[in-house]
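Protein chains in written order, with this note's numbering: chain A, 12 to 263; chain B, 326 to 414.
There may be inaccurate statements among the hints.
[Said to hold, decoys possible] To spell it out: a stretch of chain B is covered by chain A in this simulated footprint if at least three of its residues, at any positions, have a beta carbon under 8 Å from a beta carbon of chain A; those stretches are:
| no. | region |
| --- | --- |
| 1 | 362 to 369 |
| 2 | 392 to 406 |
[Said to hold, decoys possible] Which chain B residues stay away from chain A? Per the calculated CB distances, all over 12 Å, these:
| no. | residue |
| --- | --- |
| 3 | Ala335 |
| 4 | Ala343 |
| 5 | Ala347 |
| 6 | Leu355 |
| 7 | Pro374 |
| 8 | Val376 |
| 9 | Glu380 |
Derived by calculation from the structure, the hints in this document are not laboratory data.
Please read all numbers here as calculations on a predicted model, not as lab measurements.
Ideal Cβ placement from N, Cα and C applies to all residues, glycine included.
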Amino acid sequence: MSRPVRLSLFGVAGAGLAAVLVIAFRGLPDFGAYHGVYGQALDGFGVTLRHATDLITALNFDFRAFDTLGEEFILFVSVLGIALILREMRGEHEAPHQGEADEHHFADASHALRALALGLTPGLIALAVYIIVHAQLTPGGGFQGGIILGAGPLPVFLAGRYLRMKRIAPHVLVEVADAVGAAGYALLGISGLVLTGVFLKDALPLGIPGHLLSGGQMEVASVLVGLEVSGAFLVAWSEFLDQAMVVESGER
Amino acid sequence: MTVLQIVALAAVAIGGTAVVLAPDPLRQVLVLGIYGLMLTMLFFVFQDPDVGLSEIVVSTVGLPFMVLLALRKVGEQDRERRRQEEEQE
Numbered sequence: 012m013s014r015p016v017r018l019s020l021f022g023v024a025g026a027g028l029a030a031v032l033v034i035a036f037r038g039l040p041d042f043g044a045y046h047g048v049y050g051q052a053l054d055g056f057g058v059t060l061r062h063a064t065d066l067i068t069a070l071n072f073d074f075r076a077f078d079t080l081g082e083e084f085i086l087f088v089s090v091l092g093i094a095l096i097l098r099e100m101r102g103e104h105e106a107p108h109q110g111e112a113d114e115h116h117f118a119d120a121s122h123a124l125r126a127l128a129l130g131l132t133p134g135l136i137a138l139a140v141y142i143i144v145h146a147q148l149t150p151g152g153g154f155q156g157g158i159i160l161g162a163g164p165l166p167v168f169l170a171g172r173y174l175r176m177k178r179i180a181p182h183v184l185v186e187v188a189d190a191v192g193a194a195g196y197a198l199l200g201i202s203g204l205v206l207t208g209v210f211l212k213d214a215l216p217l218g219i220p221g222h223l224l225s226g227g228q229m230e231v232a233s234v235l236v237g238l239e240v241s242g243a244f245l246v247a248w249s250e251f252l253d254q255a256m257v258v259e260s261g262e263r
Numbered sequence: 326m327t328v329l330q331i332v333a334l335a336a337v338a339i340g341g342t343a344v345v346l347a348p349d350p351l352r353q354v355l356v357l358g359i360y361g362l363m364l365t366m367l368f369f370v371f372q373d374p375d376v377g378l379s380e381i382v383v384s385t386v387g388l389p390f391m392v393l394l395a396l397r398k399v400g401e402q403d404r405e406r407r408r409q410e411e412e413q414e
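One chain only, chain A, in its complex shape (with noise of 0.2 Å):
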């Protein structure tokens, strides 16, 4: 297909979207005038049945922590599938210094670098946790501080420090994340199942709405959902690196 062709089928096409689309905005309601019922009810009884103030975690992990369980078997899966493909690739090309990868790739990296990273990296760990633990308090939760958390490693890297990254995390150190924490939203949906009779119940108590400990089984889902993000992000960031890092398609 020539290009004024291609072009004008275009012009058609973008023509007849913009108008479709125009003519579903407009029967759009305004901003902040919600009318549907499940989300005005819920927006009533996050802090009252939950003892919530982040009305996005109660949602996220409890009125519907069963989706909460699928999306986060998604996430495990998919990385499942980066490690399976690029270690099979590795496996292919078996590059002869595997292993002792350069470890003064960015050998120019300055000092200066170097310690902004050695700050970096506990600060970021820190905002993590944070993030993680005030999930049910304010916005934030489990995934959102799951990949602060895996990014906490990752100034190492550009610190031109591959191997001391590797040994912050270390491969069996974030597979076991990924899988513990995905493993434990599934038990912890047993254990409601155990103890009330309902998968995935709350049956913790709920606490005060504002503390730290509120929200029920909100805070501990929202440390598993970190646990399994972070370590999946670092499983696939680290199979990505070492692709990029050891693996070399040729010597040098």
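Start from chain A and add chain B according to the hints.
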């Protein structure tokens, strides 16, 4: 709708176009990260800090890191292939 919301919407529209129009994949990753920050602002001014937090961690840390490493790998393989072709000639 407030001025801040209109500005955020306009920034997302411009940012999204900029990502598509960026010619070089390496620069595209950086533009994508900035676009993620614009989306974060959009979610924030529309009163959804939870999704804003998710967006900021995915678009500035999660995704660019993987794309950058993949680009490095692809570039390495390209160089290797080119060298092999030169040797054959």
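The hints, checked one at a time:
no. : hint       : verdict
1   : 362 to 369 : violated (count 0)
2   : 392 to 406 : holds (count 7)
3   : Ala335     : 15 Å, holds
4   : Ala343     : 18 Å, holds
5   : Ala347     : 19 Å, holds
6   : Leu355     : 15 Å, holds
7   : Pro374     : 4 Å, violated
8   : Val376     : 8 Å, violated
9   : Glu380     : 9 Å, violated
Hint compliance for this structure: hints 1, 7, 8, 9 are not met, and every other hint is.
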